[in-house]
Amino acid sequence: MNKQKDLSQPLGAIVTFLVPALTIYVAFTAYPVVRTIYNSFHEVLPGHPNEFLGLQNYVTLYNDKYFWGSVKNTLTWALTAPFFEQFFAILLALALYARIPGARFFRIVWFTPVLMSFVVVGIIWMWIFNYDWGALNVILRAIGLENLAMSWLGDPSIALPALILVTTWMWTGFNMVVLLAALHSLPSEVLEASELDNCNWPKKLWFVIIPMIRPTILNLIVLSFVGKMKIFDLVWIMTKGGPLWSTETVSTYVYKRAFEWNSFDLGYPCSIASVWFVIVLAGVLLLTFIFRQRDKLEY
Amino acid sequence: MKTTIRLMKTLLLAVMAMAFTGSPGKAETVLTLWSHWADHESKRSFVEGAARAFESANPGVKIEVTWYEKQALYAALKTALRAGQAPDIFYAEPNQVEYLENKLLYDLSDAISWDKVEGWAKDSWSYKGGVYGLPLEAWTVEMYYNKKALADLGVTLPANKQLGQTEFVDLVKASAAKGLTPIALGVGDRPYPGAFLTHEALIQTLGIEDYDKLLKGQLDWGDDRVRKALEFVKTLVDAQALPSSFSTLKLGESHFYFHTKPGALMFLMGSFYPSRAFNPPDKGGQPEGFELGVMMFPALDGAACPNCKSITVGGSYVVNAASKNAELAAKFLNSFATPEMANEWLDVALVQTGIKADPSKIQGPNAAYFKELSEIDGMCTFYDALPMGVMTGEANEVFTQVVNQAFPAGLLSVDEVIEKMNATRK
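Note that the protein sequences, when read in sequence, are chains A and B. Under the working numbering, residues 1 to 299 are what the first sequence spells out, in order. Under the working numbering, residues 1 to 426 are what the second sequence spells out, in order.
Isolated chain A, as found in the complex (with noise of 0.2 Å):
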């Protein structure tokens, strides 16, 4: 008797399909999280085997002064930051869902930033809060407000707000984009039932429009807090973790650590790296559980 071929699990096909995903994931992300914890329990020196260290990495992370200044640093911008992203995002979404004159060219508008890389964003603002010909403190002499011209970026009380400005700046644009499209895709009915009840814009906007969306605003908080909570590039441009250390984050200090400090030991800075990713992951988690839906709208 000739064996049926079970078609409804075809292995074949299935390790076919599977093998080269899974070799890239296993590749490039399993095997350098896996290495990185395994490296943080050694001293990893070129053309020395590892020495295993025990737990001595992480007791000196836990008294170094720097690493949580860094996370200071980062856990301020990653708290504050997606939300002015959030507030700009919706006002400017709901101007175009208005379709207020010129919509289209200031969704062009609003959106570029986005489109360019943290190296270009970094040196533009550069040039804006150059002290001496910055278009930030020029304009501030031009009304009258010389006194509030200052170095933007060489003030250590300044420095990290500044920098929290520019990626506000940056991924406002993105976050409208994607809240005009959760805008579009409401029921016209509820908002049209919302009219017949008299109720007013402000009103509407916080009572109806923002529950109705609050899925996709939670999502890109938890996006834009991961985002921060990882930035590295733009600190590097324009900052280099400096003035005394205002805007170092965590992932400019592990660059430090690996490639800055004299040091080929990368022990350390993998140390850093996983203590780092477990917070991250715990942040992430934590952000998840605190804005659940409790009850699901029904719409």
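No wet-lab data here; the hints were simulated from the structure. Any given hint could turn out to be false.
EDC-like, lysine to aspartate or glutamate: derived pairs with alpha carbons at most 16 Å apart [unchecked claim]: (1) B:Lys324 / B:Asp107; (2) A:Lys256 / B:Glu98; (3) B:Lys70 / B:Asp189; (4) B:Lys70 / A:Glu260; (5) B:Lys216 / B:Glu416; (6) B:Lys161 / B:Asp384; (7) A:Lys256 / B:Asp220; (8) B:Lys331 / B:Asp110; (9) B:Lys420 / A:Asp132; (10) B:Lys178 / B:Asp220; (11) B:Lys420 / B:Asp384; (12) B:Lys122 / B:Asp384; (13) A:Lys256 / B:Asp152; (14) B:Lys261 / B:Glu288; (15) B:Lys356 / B:Asp123; (16) B:Lys234 / B:Glu416; (17) B:Lys356 / B:Glu340; (18) A:Lys65 / B:Glu394; (19) B:Lys250 / B:Asp238; (20) B:Lys420 / B:Glu98; (21) B:Lys356 / B:Glu327; (22) B:Lys250 / A:Asp64; (23) B:Lys261 / A:Asp64; (24) B:Lys331 / B:Asp152.
Start from chain A and add chain B according to the hints.
Okay, now just chain B, sitting in the frame of chain A:
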């Protein structure tokens, strides 16, 4: 048909012959070199010229040079060395002790004609009995000034070109009062220019020996002489000696700031200044008719060594210890160690070299500058490293953030500098 078969046989024979003998034009040995100076045309042409000359003198050898920006090169090298894929020769500076500590460099003790190299330059690459780098580029810290602007302020330099402490502070105040930035400096993209003021003052007040101890963590930053030097710098900072854009002003921009717009009275800078400033004005060089002068750093009151200053070996070439062609690579480096090559470097790169040269033989438009520089440096005693060449790890990082950036920017007091630097002493 017969013709076709004959042609195919001939081709087959030719292919077999090439397989056994190698292609006629192919080099037997390829030396790879990774170097900084991607945007320094004069240095590139000098090194490329040396490579071509070496190839001509050594048939069968080909030198492939890859040019990088410094930071990109350092990152690429660290990755390549860890992976065992580094080039035969690469650019390095003596402060990169990690190469030495991990035995990644080939010992050049017997490979270079060291009698053709300055002793201090050789010392900067000496480590545990070996010598590991060819000190091609060297530079001193110089106080450049605009002769016309100084004359406009009614100040004349003494014969030894060195003002006293009070005279210098008065000069800074007079310049600032006139709306002319006294000293152009910026730390937007480099970890060292902002520290020039402080470490030149420290060398003078402490003298070479104690200054060395300070950098090595063997002398307290609270020492009265250190405090005195820091207070001098603080006086200058408070007198608005530096540009308001100090924190973000980049190295190239600070050159332009000094000689063109908005203009400054003085420029405390490495003697690599001419490599940018002596270009035509449309390529960022000094404007036509700009009168450049060089003066001594002011003599501080009670200084242990008023004529002491910093000299440092900059761009050097080293040989990868793991290279299969290490001897040949070292032979190539030795081709740089001649007085002719040293003079050519001076003439082309417009910055000093660790190889023995004779600046008096330099002719042309830059001869007067090299004569003046030579006279000034002839009066000096040198400490042959910058702080970042001596300090490593945390001490280096704190020095960069504190002494290079925050202190000259007016963000820290003298006491805070002392406290932060002492915290790094182990």
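For each hint, the structure was consulted:
no.: 1; hint: B:Lys324 / B:Asp107; result: holds, 14 Å
no.: 2; hint: A:Lys256 / B:Glu98; result: holds, 14 Å
no.: 3; hint: B:Lys70 / B:Asp189; result: holds, 11 Å
no.: 4; hint: B:Lys70 / A:Glu260; result: holds, 12 Å
no.: 5; hint: B:Lys216 / B:Glu416; result: violated, 20 Å
no.: 6; hint: B:Lys161 / B:Asp384; result: violated, 22 Å
no.: 7; hint: A:Lys256 / B:Asp220; result: violated, 27 Å
no.: 8; hint: B:Lys331 / B:Asp110; result: holds, 10 Å
no.: 9; hint: B:Lys420 / A:Asp132; result: violated, 30 Å
no.: 10; hint: B:Lys178 / B:Asp220; result: violated, 39 Å
no.: 11; hint: B:Lys420 / B:Asp384; result: violated, 25 Å
no.: 12; hint: B:Lys122 / B:Asp384; result: holds, 11 Å
no.: 13; hint: A:Lys256 / B:Asp152; result: violated, 46 Å
no.: 14; hint: B:Lys261 / B:Glu288; result: holds, 14 Å
no.: 15; hint: B:Lys356 / B:Asp123; result: holds, 14 Å
no.: 16; hint: B:Lys234 / B:Glu416; result: holds, 12 Å
no.: 17; hint: B:Lys356 / B:Glu340; result: holds, 9 Å
no.: 18; hint: A:Lys65 / B:Glu394; result: holds, 11 Å
no.: 19; hint: B:Lys250 / B:Asp238; result: violated, 22 Å
no.: 20; hint: B:Lys420 / B:Glu98; result: violated, 25 Å
no.: 21; hint: B:Lys356 / B:Glu327; result: violated, 23 Å
no.: 22; hint: B:Lys250 / A:Asp64; result: violated, 30 Å
no.: 23; hint: B:Lys261 / A:Asp64; result: violated, 43 Å
no.: 24; hint: B:Lys331 / B:Asp152; result: violated, 53 Å
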